Each structure stands twice: as C-alpha cells, then as structure tokens.
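Chains U and P are the protein sequences, given in the same order.
Residues 1 to 139 (the working numbering) are what the first sequence spells out, left to right.
Residues 1 to 140 (the working numbering) are what the second sequence spells out, left to right.
Hints should not be assumed to be uniformly reliable.
Claimed, not checked - Label-pair restraints from in silico Cβ distances:
no. : chain 1 : residue 1 : chain 2 : residue 2 : range
1   : U       : Ala86     : P       : Thr9      : 36 to 42 Å
2   : U       : Thr66     : P       : Pro119    : 43 to 49 Å
3   : P       : Phe139    : U       : Thr66     : 44 to 50 Å
4   : P       : Pro86     : U       : Thr72     : 18 to 24 Å
5   : U       : Pro83     : P       : Gly3      : 35 to 41 Å
6   : U       : Leu117    : P       : Arg54     : 21 to 27 Å
7   : P       : Leu117    : U       : Met1      : 16 to 22 Å
8   : P       : Ile16     : U       : His132    : 37 to 43 Å
9   : P       : Asn77     : U       : Pro83     : 18 to 24 Å
10  : P       : Ala130    : U       : Thr66     : 35 to 41 Å
11  : U       : Tyr69     : P       : Asn77     : 30 to 36 Å
In short, the hints are calculated from the structure, not lab data.
The structure presented is a predicted model; accordingly, all values stated were derived computationally and were not measured.
Don't be surprised by glycine CBs; every beta carbon is placed ideally from N, CA and C.
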Amino acid sequence: MRPLIACLSGALFGAGLLVSGMTDTAKVRGFLALLGPGPWDPTLIFVMVSGILPMFLAWARNGRQTPVYAATWPERVTGIDGPLMAGAVLFGLGWGLVGLCPGPALAAFAWGGPEVLVFTASMAAGMVALPHIRKARPA
Amino acid sequence: MEGIIWDGTAILRALIGGLMIGGAAALLLLVNGRIMGASGILGGLLDGSGDARRERLAFLAGLVGAPLLIIAATGPNPTNIDASWPTLVIAGLLVGIGTRLGAGCTSGHGICGLSRLSPRALAATGTFIAAGILTVRAFG
Chain U
1 MRPLIACLSG ALFGAGLLVS GMTDTAKVRG FLALLGPGPW DPTLIFVMVS
51 GILPMFLAWA RNGRQTPVYA ATWPERVTGI DGPLMAGAVL FGLGWGLVGL
101 CPGPALAAFA WGGPEVLVFT ASMAAGMVAL PHIRKARPA
Chain P
1 MEGIIWDGTA ILRALIGGLM IGGAAALLLL VNGRIMGASG ILGGLLDGSG
51 DARRERLAFL AGLVGAPLLI IAATGPNPTN IDASWPTLVI AGLLVGIGTR
101 LGAGCTSGHG ICGLSRLSPR ALAATGTFIA AGILTVRAFG
C-alpha cells in the first residue's frame with residue numbers, strides 16, 4: 001500500500017503545482033522580483049499559505065495517533081547550522097536564475113521541453129555530486 | 001518594486017493548487033509517515049542514501065506523470081523559461097547541490113517544515129527566498 005499512497009501523493013503534488021501556476025517560471029521569478037526588476041507577483045505566497053494549511057492540521061495529529069502505515073512520525077531535525085544556511089543560499093541563487101525549484105522541475109520534466117530537461121539533469125547531477133564534494137573537502 | 005500584479009484568477013488557482021500540494025503532503029505524512037520534500041525524495045534515491053526506493057520511485061512517477069496527463073488532456077502550459085543553456089546548467093547544479101546541502105527545498109522546508117513550526121525550516125526558507133530575491137534583483 002505504501003508505494004500506491006506515495007504515487008497518489010506525487011500525482012496530487014504535481015497536479016497542484018500545475019494548477020497553482022508554479023511550473024510557470026515567470027510567476028516564480030515575478031514573486032522573487034520583490035526588489036525588482038519589474039512589478040511584484042504575489043501568487044507564490046497564496047500557494048504557500050494554502051499549502052501549509054492542510055499540513056498544519058496534519059502535524060496536529062502527531063502525538064494522538066501514528067501514521068496509518070508507519071510506526072513513527074518523521075524525526076524532528078533541529079539546529080540551524082552552516083550547511084543548512086550555505087545550502088539555502090546556493091539553492092536560492094539557482095532558483096532565482098531560472099525560476100525552477102525541484103518540485104516544479106519534476107512536474108514539468110515530461111512536457112516542459114529541452115530547457116527543463118537540461119535544468120533537471122543538471123540538478124540531478126548536483127545531487128549526485130554533493131556526497132563526493134563532501135568526501136573531497138571534509139567539513 | 002514597480003507595482004503589484006493582482007490577478008484574481010491566478011490567486012484562485014494558487015489557493016486551489018496550494019490545497020492540493022498541502023493535501024498531497026498531508027496524505028504522505030498521515031499514511032506513510034514521510035515528509036513530502038521533492039529534493040529529499042529524489043536526492044535520497046540518486047545518491048543511494050535513502051531507504052524505501054520503491055516508494056520514492058512511485059512518488060516520482062506520480063509527480064512526473066500526473067502533470068503530463070493533464071497537459072495531454074487540456075493543452076500546453078507555458079514554462080516561460082528565458083535562461084541561456086549555460087545558465088540552465090549552472091542553476092540546475094546550484095539547486096541540486098544547495099537543496100541537498102541545506103536538506104530541503106520549497107516543499108520540504110517551505111510547506112512541511114513551516115507547518116511544523118520548525119525554526120530550522122523557517123531559517124532555511126527565509127534564506128533561500130532572500131537569496132532568490134537578491135539574485136533576481138541582480139540578474140533578472
């Protein structure tokens with residue numbers, strides 16, 4: 001059952017990204033244009049707020065029940081450290097350059113044309129490369 | 001800022017799509033006990049660090065496949081990408097390395113982490129949005 005639920009979740013996630021307009025990089029870059037250039041597009045704020053709402057209710061079940069097909073809830077990771085902040089800066093830089101983050105890149109992968117294929121392949125390469133970069137330069 | 005774009009249809013779609021995204025995350029959490037983070041699910045599969053490979057593949061199949069079916073049924077959707085090929089490669093590498101180093105992206109930190117009232121997710125989300133804003137300001 002777990003893979004079926006995962007597939008349904010992925011499908012609903014992808015459909016939601018498409019419906020919300022988050023696969024349109026002009027809308028995402030328009031949100032990130034808070035300090036210009038050009039006008040500011042607040043659409044992404046509405047996606048985040050209405051996306052957070054069901055999850056806020058879901059987290060409220062923590063402690064009252066266990067997940068249907070899991071023994072425990074996801075571990076809470078704490079601590080604001082160097083890798084977290086450095087990673088967020090690098091991610092934000094790449095996000096601003098094109099207007100794609102991992103979810104929308106995957107949602108547009110099969111129909112977004114060669115630009116999305118090149119971006120997503122490079123993103124995958126970066127994900128594969130990071131453990132090797134870490135091994136070469138231990139923190 | 002040179003004005004704000006207030007598009008009622010886009011906002012309505014954003015609210016509906018957002019509920020779908022949050023609903024997808026809630027489904028994965030309440031049933032499978034998993035965080036719906038796009039970079040974590042893909043990255044854990046690619047670098048071999050993640051468990052439950054079949055679930056990750058099933059999630060990605062849904063994420064890639066469902067929008068394709070919708071596009072096939074309703075017609076093309078613009079991505080409006082205007083970056084050059086070298087920029088696409090550099091940006092993709094930055095997003096791949098950055099999301100794995102920072103342990104999350106817009107879905108994992110932004111939706112799942114913020115809704116858990118996690119200070120760590122708030123720090124990450126605030127930072128990547130700020131970095132994105134400055135990047136668009138500088139290069140957009």
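Hints and how they fare:
The hinted window of 36 to 42 Å between Ala86(U) and Thr9(P) holds, with their beta carbons roughly 39 Å apart. Distance hint for Thr66(U) and Pro119(P): a CB-CB separation of about 25 Å, inconsistent with the stated range 43 to 49 Å. Separated by about 47 Å at the C-beta atoms, Phe139(P) and Thr66(U) satisfy the suggested range of 44 to 50 Å. The hinted window of 18 to 24 Å between Pro86(P) and Thr72(U) is violated, with their beta carbons roughly 45 Å apart.
As the Cβ distance of Pro83(U) to Gly3(P) is approximately 38 Å, the hint placing it in 35 to 41 Å holds. Taking 21 to 27 Å as the suggested C-beta distance range, the pair Leu117(U) and Arg54(P) conforms, at roughly 25 Å. In this structure, Leu117(P) and Met1(U) break the distance hint of 16 to 22 Å, their C-beta atoms being roughly 30 Å apart. Separation of Ile16(P) from His132(U) is about 41 Å and conforms to the stated range, judged on CB atoms against 37 to 43 Å.
Remark: the range hint 18 to 24 Å for Asn77(P) to Pro83(U) is contradicted by a beta-carbon distance near 35 Å. About 37 Å separates the C-beta atoms of Ala130(P) and Thr66(U), a value consistent with the hinted range of 35 to 41 Å. For Tyr69(U) and Asn77(P), the Cβ-Cβ distance of about 33 Å falls inside the hinted range of 30 to 36 Å, so the restraint holds.
Going down the numbered hints, you'll see the structure goes against 2, 4, 7, 9, while the others check out.
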